[in-house]
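Following the hints, put chain H in place on chain W, whose structure we already have.
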Amino acid sequence: MSKTLTEKILSKASGKSVTPGDVIEVKINIVAFHDLTGYHVIEVMEKADMMKVHNIDSLVIAFDHLVPPPDVRSAEIQQYIRKFVKILNVKNFHDIGYGILHQILLEKYVLPGQIVIAADSHTTTSGALGAFSQGMGASDVAAIIITGKTWMTVPHPFKITLSGKLKEWVTGKDVALEILKVFKADYFNGMAIEVFVENPNSFPMDYRATVANMGIEMNADTLMFIPDEVTIDYIKYMRGIIPRNILPDKDAKYIDEYTMELDKVELLVSAPHSVDNVKSVREVAGIDVDYVFIGSCTNGRLSDLEIAAKILKGRKVKTRCIVIPASWNVFKKAMELGYIHTIVEAGCIVTYGTCGPCIGGHFGVTAPNEIVVSTSNRNFIGRMGSPQAKIYLSGPSVAAATAILGKIAEPGDLK
Amino acid sequence: MIIEGRVIKLGDKIDTDIIIPAKHLKYTEPEYLAQHVFESIDPEFHKKAKGAIIVAGKVFGMGSSREQAAIAIKAAGIKAILAESFARIFYRNAINNGLPVIVCPDITKEVDEGEIIKVNIESGEVIVENRIIKCKGITGMALDILRAGGLIEYLKNLEENR
Chain W
2 MSKTLTEKIL SKASGKSVTP GDVIEVKINI VAFHDLTGYH VIEVMEKADM MKVHNIDSLV
62 IAFDHLVPPP DVRSAEIQQY IRKFVKILNV KNFHDIGYGI LHQILLEKYV LPGQIVIAAD
122 SHTTTSGALG AFSQGMGASD VAAIIITGKT WMTVPHPFKI TLSGKLKEWV TGKDVALEIL
182 KVFKADYFNG MAIEVFVENP NSFPMDYRAT VANMGIEMNA DTLMFIPDEV TIDYIKYMRG
242 IIPRNILPDK DAKYIDEYTM ELDKVELLVS APHSVDNVKS VREVAGIDVD YVFIGSCTNG
302 RLSDLEIAAK ILKGRKVKTR CIVIPASWNV FKKAMELGYI HTIVEAGCIV TYGTCGPCIG
362 GHFGVTAPNE IVVSTSNRNF IGRMGSPQAK IYLSGPSVAA ATAILGKIAE PGDLK
Chain H
7 MIIEGRVIKL GDKIDTDIII PAKHLKYTEP EYLAQHVFES IDPEFHKKAK GAIIVAGKVF
67 GMGSSREQAA IAIKAAGIKA ILAESFARIF YRNAINNGLP VIVCPDITKE VDEGEIIKVN
127 IESGEVIVEN RIIKCKGITG MALDILRAGG LIEYLKNLEE NR
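Heads up: the sequence lines are chains W and H, in that order.
Our numbering applies: residue 2 is where the first sequence begins, and numbers increase by one.
Our numbering applies: residue 7 is where the second sequence begins, and numbers increase by one.
In isolation and in its complexed conformation, chain W is listed as follows (with noise of 0.2 angstroms):
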């Protein structure tokens, strides 16, 4: 029988034939943690008397969110796990200074059909590069470690073409939240989005890496782009190795499909508070804006901070501005390319290697009543600081015209 991507990967790690609607055990090629969640699911191991690691190869863990350490209680979380490394001999462990886990995992390990789990609910990045990839809670996360698998129930593969090419400034993004104005945040509780790009080069890899992170947005399981040259090219460049491809059969059925004209897509924002509360930006322009934050796991990549420094270059902000590129590897080329000396000289404020305001940890987290425009992933009440913040969620073109005119703005909206 054909079989999607999604039914491939499954059957695979199942070691049956799988169709929707199974509940199935699957071995997990990747299992990873970050510091918020990663204290926590070391105290399950401790409290269930398991403290042993079934892979030591297969487990990642990067330090992002409290990076670096804003107070004691979250040093003391860093200095627990590290102990941990220590201990279990953990090889693949990045300290402060490497990046956003989600990042890493796409720049170092993850590979096509394979099946990724982290306790972190945008593991769905990782779908970029056609990775079956999903977040799970702490004691999930700590069983796999233990055992080396989970359960789960196979879910219903939905196809997403996209078709034609972006219009100028329009990015992955606006992609994402056109595929939540359509459908809304629960349309795809149960499914997984497998996504086929027409012509693969329209649609780069930071691009496939942002709607896959979006994902999680849709309710989707897991958001799958289809290998392509875009994908074998990207983890060649980045680790020199040629990765095995993995395809859904051609005639393989989908719960339903759908296709997005690129051409189409317009400059959208998330508005207060909720993702799938999608506007064009022309319908909320002009709104005044205290608070600008360019980063986090959805659009803090390379491609987000080009865009950022050719709009802001030559031009000064109006409002406050903090940019955070998602890794030392995109920072590092950020600063070759001379896009970090446009950002700083247009008077943003650049740190490196955290998720910062997007969860409201730190570095730079909102007063009540301030307007925010957040290239991040969340709007929701409360998530960058004070409950009475509205977020605004937007793509880096949108972000950084905003950011010069103090207002909601794009592009085309500067003199």
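Hints in this document: simulated from the structure, not taken from any laboratory.
Incorrect hints may have been included.
Here are the computed distance ranges between Cβ atoms for each label pair [stated by the list, open to error]: (1) W/THR260 x H/LEU164: 43 to 49 angstroms; (2) H/GLU165 x W/LYS166: 53 to 59 angstroms; (3) H/ILE47 x W/GLY22: 33 to 39 angstroms; (4) W/ASP257 x H/SER129: 27 to 33 angstroms; (5) H/LEU164 x W/ASP289: 54 to 60 angstroms; (6) H/GLU165 x W/GLU169: 54 to 60 angstroms; (7) H/ARG168 x W/ASP58: 20 to 26 angstroms; (8) H/LYS115 x W/LYS319: 29 to 35 angstroms; (9) W/GLN80 x H/ARG168: 30 to 36 angstroms.
Just some of the chain H residues that point at chain W, by a computed CB distance under 10 angstroms [to be verified]: (10) ILE47; (11) SER91; (12) LEU164.
Note that the structure is a prediction, hence the values are computed from the model and not measured.
We put the CB at the ideal spot given by N, CA and C, even for glycine.
Chain H in isolation, oriented as in the chain W frame:
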């Protein structure tokens, strides 16, 4: 297992930042988390939660993987959650911490705030006064974990029975 309790009604898309904001995630102690559950929408929530059953709309618990969301709700004394649908990660976290979660299409139209309801968590039958509403009971692996009292206990049992 039959659970009885007073209904607290919540809407659609209750997210994990509403259940327990990130600033509390540096701790896992149930008593601490219970004090802060739903504090941004109702600072008094933990006082009225004891013995109640939450009835909610679509994708309850959407958002982050924070297991503290399930721990906080359970520690506040909520006996079960009935929702029209659950976010996948929250559903697993609830089961893994011994909090019964039951999928109930249209339940928000069937019951009112403050009503006393009885829920059979295996069969999915919900009794409201003299009416019976049929929901999806907890089955399979999820039921095994719930019956063990959570995932840690389930894993311990597996180890012992080896």
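Do the hints match the structure? See the list:
1. About 46 angstroms separates the C-beta atoms of W/THR260 and H/LEU164, a value consistent with the hinted range of 43 to 49 angstroms.
2. The supplied range of 53 to 59 angstroms is met by H/GLU165 and W/LYS166, whose beta-carbon atoms lie about 55 angstroms from each other.
3. For H/ILE47 and W/GLY22, the Cβ-Cβ distance of about 35 angstroms falls inside the hinted range of 33 to 39 angstroms, so the restraint holds.
4. The given range of 27 to 33 angstroms is respected by W/ASP257 and H/SER129, whose C-beta atoms sit roughly 31 angstroms from each other.
5. Between H/LEU164 and W/ASP289, the C-beta spacing of about 57 angstroms keeps the proposed range 54 to 60 angstroms intact.
6. Checked against the given bound of 54 to 60 angstroms, the beta carbons of H/GLU165 and W/GLU169, roughly 59 angstroms apart, stay inside it.
7. The hint said 20 to 26 angstroms for the Cβ distance between H/ARG168 and W/ASP58, and at roughly 25 angstroms that hint holds.
8. The supplied range of 29 to 35 angstroms is broken by H/LYS115 and W/LYS319, whose beta-carbon atoms lie about 48 angstroms from each other.
9. The supplied range of 30 to 36 angstroms is met by W/GLN80 and H/ARG168, whose beta-carbon atoms lie about 34 angstroms from each other.
10. Because the beta carbon of H/ILE47 sits about 7 angstroms from the nearest beta carbon in chain W, less than 10 angstroms, this interface hint is met.
11. A distance limit of 10 angstroms between C-beta atoms decides the matter here; for H/SER91 the minimum to chain W is near 5 angstroms, and the interface restraint holds.
12. Taking 10 angstroms as the C-beta cut-off, the interface hint given for H/LEU164 holds, the closest approach to chain W being about 9 angstroms.
The earlier numbered hint that this structure contradicts is number 8, and it is the only one.
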